[in-house]
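Participant: Spelled out, the chains give:
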Amino acid sequence: MIGFRLSAERPPDPRRINDVVVQRLDHVYEVDPELMRDHIQQHDFPAWDTRRIVDSRWEHLAWMHAHWADSVVSGEELISTEE
Amino acid sequence: MSSTERTDGDNGTDGFVAEWRNGAYNCYSSGHKFCREVCPVMQVTRNEVHTPTAFHANVVAMEKGLLDIADVARDYVHCTGCGACELRCPNTLFTGDFYRFRTRTVQLVKAARALAVDQGIHQPGWQRWVEETSRQKSEPVLGAEVPVSQEHVRDWAAGLDLPIGGETILFCDCEGAFHRTSVPRAAAKLLQRAGVEFGLMREQWCCGGPAAEMGYVDRAREFAKHNVDDWRAVGARRIIVFDPHDYISFTEDYPSYFGDEYDFEIVLFVELLAELIRDGRLPLTHPVERTVTYHDACRLNKRKGIHAAPREVLRAIPGLTFKDVDHVTQWSYCSGAGGGLPIERPDLTAEISRRRVERAAALDVDTLVSACVWSERPLTEQRGALEIMDLLEIVALAAGLEDER
Amino acid sequence: MTSTLVTDPVIDELVAICGPDNVFADRSSRVNRARVPAPFPVHRWAEHVPDVVVLPTTAEQVSEVVKLANRHRIPVVPRAGGTGLTDGAVPLRHGIVVDVKLMNKILEIDLDDRTVTVQPGINMLKLNEELQQYGVIYPDDPASYPCSLVGGRIGTSGWSLIGGRYGHTRDLVISFQIVLPTGELIWVGDGGGRKVRKSSTGYQLKHLFMGHQGTLGIVTEAVLELVPRPEAEFAAFFSYPDYETAWRSTGALAKSGLATLAGVVLFDEWKLDYLRRDDEAYIPQPDDVRCVVATAMYGTTDEVRPGAKRLMRIGKDTGGAYLGDEISQGDWASRHDRYATPLHGRLRDGQVVPMSWHCEDASINWSQLPQVRREWHEIVARLGDNFRIFDDWGMFAYTNAAFKPWGDYLTEIDVGIWEQELDDAAWDAWVTAKRDIAAVAIAHGGSISACHGACRAGEVDLVPEELGGGWDVMKKVKRVLDPLNIMNPGKYLLDEAYE
Ligand SMILES: Cc1cc2nc3c(=O)[nH]c(=O)nc-3n(C[C@H](O)[C@H](O)[C@H](O)COP(=O)(O)OP(=O)(O)OC[C@H]3O[C@@H](n4cnc5c(N)ncnc54)[C@H](O)[C@@H]3O)c2cc1C
Ligand code: SF4
Numbered sequence: 001m002i003g004f005r006l007s008a009e010r011p012p013d014p015r016r017i018n019d020v021v022v023q024r025l026d027h028v029y030e031v032d033p034e035l036m037r038d039h040i041q042q043h044d045f046p047a048w049d050t051r052r053i054v055d056s057r058w059e060h061l062a063w064m065h066a067h068w069a070d071s072v073v074s075g076e077e078l079i080s081t082e083e
Numbered sequence: 084m085s086s087t088e089r090t091d092g093d094n095g096t097d098g099f100v101a102e103w104r105n106g107a108y109n110c111y112s113s114g115h116k117f118c119r120e121v122c123p124v125m126q127v128t129r130n131e132v133h134t135p136t137a138f139h140a141n142v143v144a145m146e147k148g149l150l151d152i153a154d155v156a157r158d159y160v161h162c163t164g165c166g167a168c169e170l171r172c173p174n175t176l177f178t179g180d181f182y183r184f185r186t187r188t189v190q191l192v193k194a195a196r197a198l199a200v201d202q203g204i205h206q207p208g209w210q211r212w213v214e215e216t217s218r219q220k221s222e223p224v225l226g227a228e229v230p231v232s233q234e235h236v237r238d239w240a241a242g243l244d245l246p247i248g249g250e251t252i253l254f255c256d257c258e259g260a261f262h263r264t265s266v267p268r269a270a271a272k273l274l275q276r277a278g279v280e281f282g283l284m285r286e287q288w289c290c291g292g293p294a295a296e297m298g299y300v301d302r303a304r305e306f307a308k309h310n311v312d313d314w315r316a317v318g319a320r321r322i323i324v325f326d327p328h329d330y331i332s333f334t335e336d337y338p339s340y341f342g343d344e345y346d347f348e349i350v351l352f353v354e355l356l357a358e359l360i361r362d363g364r365l366p367l368t369h370p371v372e373r374t375v376t377y378h379d380a381c382r383l384n385k386r387k388g389i390h391a392a393p394r395e396v397l398r399a400i401p402g403l404t405f406k407d408v409d410h411v412t413q414w415s416y417c418s419g420a421g422g423g424l425p426i427e428r429p430d431l432t433a434e435i436s437r438r439r440v441e442r443a444a445a446l447d448v449d450t451l452v453s454a455c456v457w458s459e460r461p462l463t464e465q466r467g468a469l470e471i472m473d474l475l476e477i478v479a480l481a482a483g484l485e486d487e488r
Numbered sequence: 489m490t491s492t493l494v495t496d497p498v499i500d501e502l503v504a505i506c507g508p509d510n511v512f513a514d515r516s517s518r519v520n521r522a523r524v525p526a527p528f529p530v531h532r533w534a535e536h537v538p539d540v541v542v543l544p545t546t547a548e549q550v551s552e553v554v555k556l557a558n559r560h561r562i563p564v565v566p567r568a569g570g571t572g573l574t575d576g577a578v579p580l581r582h583g584i585v586v587d588v589k590l591m592n593k594i595l596e597i598d599l600d601d602r603t604v605t606v607q608p609g610i611n612m613l614k615l616n617e618e619l620q621q622y623g624v625i626y627p628d629d630p631a632s633y634p635c636s637l638v639g640g641r642i643g644t645s646g647w648s649l650i651g652g653r654y655g656h657t658r659d660l661v662i663s664f665q666i667v668l669p670t671g672e673l674i675w676v677g678d679g680g681g682r683k684v685r686k687s688s689t690g691y692q693l694k695h696l697f698m699g700h701q702g703t704l705g706i707v708t709e710a711v712l713e714l715v716p717r718p719e720a721e722f723a724a725f726f727s728y729p730d731y732e733t734a735w736r737s738t739g740a741l742a743k744s745g746l747a748t749l750a751g752v753v754l755f756d757e758w759k760l761d762y763l764r765r766d767d768e769a770y771i772p773q774p775d776d777v778r779c780v781v782a783t784a785m786y787g788t789t790d791e792v793r794p795g796a797k798r799l800m801r802i803g804k805d806t807g808g809a810y811l812g813d814e815i816s817q818g819d820w821a822s823r824h825d826r827y828a829t830p831l832h833g834r835l836r837d838g839q840v841v842p843m844s845w846h847c848e849d850a851s852i853n854w855s856q857l858p859q860v861r862r863e864w865h866e867i868v869a870r871l872g873d874n875f876r877i878f879d880d881w882g883m884f885a886y887t888n889a890a891f892k893p894w895g896d897y898l899t900e901i902d903v904g905i906w907e908q909e910l911d912d913a914a915w916d917a918w919v920t921a922k923r924d925i926a927a928v929a930i931a932h933g934g935s936i937s938a939c940h941g942a943c944r945a946g947e948v949d950l951v952p953e954e955l956g957g958g959w960d961v962m963k964k965v966k967r968v969l970d971p972l973n974i975m976n977p978g979k980y981l982l983d984e985a986y987e
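Chains as they are written, first to last, in the numbering used here: chain Y, 1 to 83; chain L, 84 to 488; chain X, 489 to 987.
Hints listed in this document are in silico derivations from the structure and should not be mistaken for laboratory results.
Small disclaimer: the values here were computed from a predicted structure and weren't measured.
Please note: incorrect hints may appear among the correct ones.
Claimed, not checked - FRET-style restraints, in silico, Cβ to Cβ:
1. 8(Y) to 241(L): 35 to 43 Å
2. 230(L) to 509(X): 32 to 40 Å
3. 788(X) to 13(Y): 29 to 37 Å
4. 233(L) to 33(Y): 43 to 51 Å
5. 859(X) to 82(Y): 30 to 38 Å
6. 33(Y) to 686(X): 35 to 43 Å
7. 96(L) to 44(Y): 39 to 47 Å
For glycine and all other residues, C-beta sits at the position ideal for the given N, C-alpha and C.
Sequences and hints are given; from them, build the entire structure.
Facilitator: Okay, here's the thing in structure tokens:
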């Protein structure tokens, strides 16, 4: 299915990562919702929006690298050629 | 907007401030203005009262009694709803997913416009526009090829032999239905060629998005209710849209109006198109000897993160030379066509479009391809030596459904 | 909310100078130019609202506005991006805000003598997007890179993240045109030639007219340095089990002598705890990652690759563990534009509240960092004990010198402040804490501010102490150049110049 369906946008229930962090979608950390109880409340957040933000963040960071230089040297690669 | 933040009772300033207070402080206490230079309006006016920073600070100023909506209603006209600012805002881009709390400037602008309307502060152009839309059930698009009225809403489909109703509905937005009819025609023909079964609505009304954007919330809901009733009446389960504005209405506004019972599948045409081409169901056999660049439709690229499908489609067209500008750079591009700006500030829309076309021209292309039918009017008005085409129009050429003029 | 100086005839004169579309006296235009992101006494907003705002388009208009202000004795406050983290662009006495954002043109790109000439309302990221096609870049890179503007960079004499390689604003701005407080237009640089980087002719006036926070005039045009666009970027983040090791390693890395090294940044334990609250790069780090040192290099590939190997070796030999490409590259890319977001804010019970970010930014020598760090955290801890609206967001120390990343460090303690709950008592405690923080910097031979400016309430009280005899010279200069105290009056205690 490539379309949007409201019922498919509800993310799964969170599982705990540590005292203050939970996870609903793979590789996406979220604040423990309990910490946004008293003073500021979370938004209604469809899954597409979470994915859009996460993807955009990485795309933006890649853009920044390209903005500053033609190429990025990898430390991991340097370590592997050293040994 | 959190349901827990919403306060009951009046629709007046107090309710507005209570609803937006935390969102406003979330910007106010940042105030860093990473949103400024990506804003298409700000790039032209350079006037700080047109920034998201001001749009949020105004709420705090209202809370402190320094401003009221009458002071700022006109400022909030200066927004195309493109969504660049709220995506670029670190409170979205870096932490929005983590806190499930992000900057919602577009929503705030709509809410402020609604507050103005509630208090009897109307922008004359918008007021007329919404009244006309209510009367004709479609937007009073200017320079229409066919007269705007319910009688003519399906004229664009003349001779295509399209059924009414069915499981899958092709929704045609007002600009396409009455002004740039080549776009819905291309859409319908492409679906037919690929063997996708679909029908039209019995009676299609405006999606209501523009009325909602201009602050006329009750009107917007009337349109929405009509359309959803019509879909249900014909047993529709899937709605195909090619206009990004409709896509926003159907995936964001309608769910907020109707809640969980809103169970339609909303399919964006260009995503379907990419799939049809990928699966070999829509062969593109006719070379299109053009050099093009792509204009990322704001509501797809910035507000929905949809930028790959249109590029995939363009790369599948034989003969085409595609000079791409990446979609992140295009966060700060816009045609100026959204959010009602062309009605109230046509001068700004024209200048935003002029700059967009100028950027395209610098790439030495002959054609600027867009995937947003609303953008194509102001872009065409500023086109200079370039041709402005819709993605569907160019794909129709490649599929041999139309001939180069 | 207003002063009585700006009368209708004055507005008419401003309209005659700037044109009817560029003069704004409505409430919204004024209320929205009262503040900058530095913590702001939101409960006293009305005290800072200007009377009128102008958006001039030429140097001549700016000059005429300043002359008019002198005739009518109306305060003038320049405003560029409005991102300053001292309160430089906040009007203290109402008056006219001269907002330079409409002056954002690129006037000349000179690839022979390597300069670009711009108006002060242009932003660096936008400028560099245009310059990319020529293979050059203007490398002034604050963390506000996408939002601060050239005029404000000069007004504050800012600090750049990669200044250890390319220099800071004062090194990168070759010369500029400025409207003096009495309205005359002059050019200042190193000597007279507009594109000359080094001269011994006369007094070195360029420095005098930078970093004055709008108290000595308004910049209307600037000639900027162009450097070759880097072929290669390299970022490496190392982790350490304790501060002492990380601090020593910072020193070793900074003193490596590698010419492409653009900067070294030390994150302390508080900063790591804070990043673990919500940053995907730090959340999964094991507990023994207590401190981090970030490094970055820019230049030709031929220099950066071997330099990077050497840097990796130094990091390792001094006790650092490489944190991997994802965090090194990802976090570094975010340093050009990311900063505190409000929801980092936590009450002591852990609840999230939207806090504004305050950044103290002293210049401190490397040898003094550990002691300053101890004393600063103590000050902020006391503040938090008394008022729940303050939160210690940890410290960074960034290499601070130009063209050589050693010696002193932009030493930053970040404090979250819950402005929604701010009242006079909390504000006063805050101002006192800022004074204490500044006093520590001075006591350790440092300077109150490396980049933002030291005119914020609290710390400004100590500027005379820091500058000593120089403070008297500063007052004399102000009085001679601005006899009627027109430019940004009230800032930097400069009213004392007129006593
Ligand atoms: C997220 C964030 C990160 C930051 N990181 C850094 C950093 O890494 N390094 C750094 O140095 N700063 C940093 N800052 C602070 C700020 O961006 C700088 O001080 C910047 O130089 C201010 O520029 P602006 O254009 O916003 O100026 P404004 O805030 O508008 O003005 C700053 C001062 O300059 C004066 N001024 C403005 N225009 C002119 C003019 N044309 N002529 C004379 N005076 C003028 C104003 O009166 C004011 O006193 C950061 C700020 C933020 C919000
Ligand atoms: S909208 Fe976001 S980027 Fe813009 S000022 Fe507010 S917090 Fe900063």
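Participant: Against the structure shown, which of the earlier numbered hints fail to hold, in ascending order?
Facilitator: 3, 6 and 7
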